[in-house]
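Protein chains: 2
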Amino acid sequence: MTGKEFFSVRTVADALAGFRPGHRTAVEVVSLFDALHRVPAEEVRAPTALPGFAKSTVDGFAVRAADTYGASDGLPSYLDLLGAVRMGAAPEVAVRSGGAVAMPTGGVLPDGADAVVMVEYTAETMPGTIEVTRPVAPGGGLVRADEDVAAGAPLVAAGRPLRAPDLGMLAAAGVTSVAVHARPRVAIISTGDEVVPPSTVDLAAGQVRDATASALAGLVVDAGGAPVIAGIVGDEPGALKDRLTEVLADADLVVVSAGSSVGARDETAGAVAAVGSVWCHGLAIKPGKPTLLADCGGIPLLGLPGNPLSALVVFGQVGVPLLWRLSGCETPPPAPSTRARLARDLASAAGRLDVVQVRLRDGVAEPVFGPSALLSVLTRADGYLVVPEPATGLDAGSDVEVILYR
Amino acid sequence: MTGKEFFSVRTVADALAGFRPGHRTAVEVVSLFDALHRVPAEEVRAPTALPGFAKSTVDGFAVRAADTYGASDGLPSYLDLLGAVRMGAAPEVAVRSGGAVAMPTGGVLPDGADAVVMVEYTAETMPGTIEVTRPVAPGGGLVRADEDVAAGAPLVAAGRPLRAPDLGMLAAAGVTSVAVHARPRVAIISTGDEVVPPSTVDLAAGQVRDATASALAGLVVDAGGAPVIAGIVGDEPGALKDRLTEVLADADLVVVSAGSSVGARDETAGAVAAVGSVWCHGLAIKPGKPTLLADCGGIPLLGLPGNPLSALVVFGQVGVPLLWRLSGCETPPPAPSTRARLARDLASAAGRLDVVQVRLRDGVAEPVFGPSALLSVLTRADGYLVVPEPATGLDAGSDVEVILYR
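So the sequences go chain by chain: A and B.
The first sequence begins at 777 in this note's numbering and counts up one residue at a time.
The second sequence begins at 777 in this note's numbering and counts up one residue at a time.
Just to be clear, a hint being listed does not mean it is correct.
If you want a taste of the chain B side facing chain A, the calculated C-beta under 8 Å gives, among others [what the hints assert, rightly or not]:
#: 1; residue: Asp835
#: 2; residue: Asp924
#: 3; residue: Val925
#: 4; residue: Ala926
#: 5; residue: Ala927
#: 6; residue: Gly928
#: 7; residue: Ala981
#: 8; residue: Ser990
#: 9; residue: Gly994
#: 10; residue: Asp998
#: 11; residue: Ala1002
#: 12; residue: Ser1113
#: 13; residue: Ala1149
#: 14; residue: Arg1182
Hints listed in this document are in silico derivations from the structure and should not be mistaken for laboratory results.
Quick caveat, the model's predicted, so the values are computed rather than measured.
Every residue, glycine too, gets a C-beta built ideally from N, C-alpha and C.
The shape of chain A in the complex, shown without the other chains:
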């Protein structure tokens, strides 16, 4: 035990901007049904215009707009009823001057018509004659054939995760499969002689069940990744390096939750340095300083602090953006957040990102403090706030943004 560790500390902002291993996941084609929140590998363009035909947006009558000009309750326009359009079928009749064709919402506009007058402003006073009591402008009561999307225009962009309405737009265009980046496989390695699997019923003295791997797996799923629980590695020299070499063959991101003792941390740092190029050892973040980032031939490796709270905080700040980038998305989708009033002063060192767990009550954010060895600090919190790197603290009563756990 030396009490000395070599740190090359970087800020979180530096890490997000500067730590950029080149690997991206492969492209795979998935059905629309499996495409939610997946990241398109390329822009998808509309094969044809949508809706594809000029379409009524109201129940009413297709007309020539000019035939309705000046119409009012006192002086209606009278038009000959020429027929009716059926849903999902081509019109069987055209509109001529002085004529009208009955239209359902969503029906195809007949030739010769340039507007649809709403049924509310009409009456069939005599069989075969429609009385119109309000004028309609050309283009009124309808959408154009290419008003939703023009042929060849983008339906969805590359690099932005697909949302529910995007699936609808793709379906409307007849696009039923999409080329997307594969979900990043995230190998999660736990280390430490004291760590045993969660299924262990009776613990020997000093043993702890592996909490971090399960929690990390949840964060990985939330960020669109596929977690691979890669087991627990003891503190014996060489064991971690061997395991890292194995998992690097089949992972897009490797996460090591380091042992908590200084000896275990030294062993982790040595093993990581043996399999990759260390980009930083130490992040200016609290909690989470003893974080390692390394580039293993394009595959990012994230060495997390041994305490679960610190590990989860660092993974949220650094691992989640890495994960999205691996799947081709530079701007992760937004996390749920809310504004709140800070209940008390918070101190922070300039140049360091502070992540403070908070409970929310009636719009007030109350910090939850506790040793980062305790998981309950996280499970008692509703979310967290970030004291940015330049700030030296926040005053009680400040308006703060709280990122909510979901």
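Starting from the structure of chain A, add chain B where the hints point.
The following block gives chain B in isolation, referenced to the frame of chain A:
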């Protein structure tokens, strides 16, 4: 075509509070790995205290705190080094007055010790003697055996979806499976003679591909449900009623995206009334007024407007809370949101909920207008804002909360 529809209009607030079909999904036991965002059917309590032993939170030396009182750089305390605790093992030595035992972070506190002094405030000046230069209080440098969770205390609550840290807490307690509510099966029926499956390559005149079902399926997945695409039903009398009867046998929630024409809407209303008790026909929401809510023997049925935009808005406001409630969660997890400045005045009728799509640029929310027949209104938006029921509008420059699409 009558132009008249019978509406019994209710507000969205009424619907959320008063429309409460009794059905809940069955309880099933899932592994921790599959439990993310699932809703526990009952509270889970800690079988034993956690961490289960008094544990060092620093690298240093276990001591009796009183032996360090008054210690300083000028006048250190000198303690006998009695041994060392190994990670994951029981201490082989106790601490006596005047003695110290070397501790790794996470090690078990030896008998007789009541604090751990950090290695930074110590030096081994002679072999076997530890010099301590700062006092430590009783309880310093350690967590108690039950400080994370006491035996029998709740690990997770019933009815609140499990978050990533909850999975960690359950793992730490050795709980590797959880009784949760089954994902609600949501049958999605599309109606209308004009509607054809998304896989249809060439459209005949007036046909449209079913966009709403795919988009709804995405919203269902986001809310923890299991979508079941239950096909397209034409406008012929009786067909929808028959299909509703079939799907009600095996669904927890039934969603019908109604035909867009008044005739199709009438047919939907009739079919729904035949299979359930109609709670409202018409919601005070824009877009989305022609919404139906019915209770079919405890199974909620949601009849959505025919336009995709209206259908998705209503599903978000009413269907999503229903879905969470079916799985035992009364308070849905928060949606991502942000504050923005409204770019222009928005008018709204008092008593009606207005949902306005917006684009965000540099903190300014710019409304996206367009006929609700257009899906592109949704895909162009970054999110939406809600003008609440009592308000008659919002002024340009107002501070608004924008719910972000994810």
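How the hints compare with the structure:
{"no.": "1", "hint": "Asp835", "in the structure": "holds (5 Å)"}
{"no.": "2", "hint": "Asp924", "in the structure": "holds (5 Å)"}
{"no.": "3", "hint": "Val925", "in the structure": "holds (6 Å)"}
{"no.": "4", "hint": "Ala926", "in the structure": "violated (10 Å)"}
{"no.": "5", "hint": "Ala927", "in the structure": "violated (13 Å)"}
{"no.": "6", "hint": "Gly928", "in the structure": "violated (14 Å)"}
{"no.": "7", "hint": "Ala981", "in the structure": "holds (3 Å)"}
{"no.": "8", "hint": "Ser990", "in the structure": "holds (4 Å)"}
{"no.": "9", "hint": "Gly994", "in the structure": "holds (3 Å)"}
{"no.": "10", "hint": "Asp998", "in the structure": "holds (7 Å)"}
{"no.": "11", "hint": "Ala1002", "in the structure": "violated (12 Å)"}
{"no.": "12", "hint": "Ser1113", "in the structure": "holds (7 Å)"}
{"no.": "13", "hint": "Ala1149", "in the structure": "holds (5 Å)"}
{"no.": "14", "hint": "Arg1182", "in the structure": "holds (5 Å)"}
In this structure, the earlier hints numbered 4, 5, 6, 11 are contradicted, and the remaining ones agree with it.
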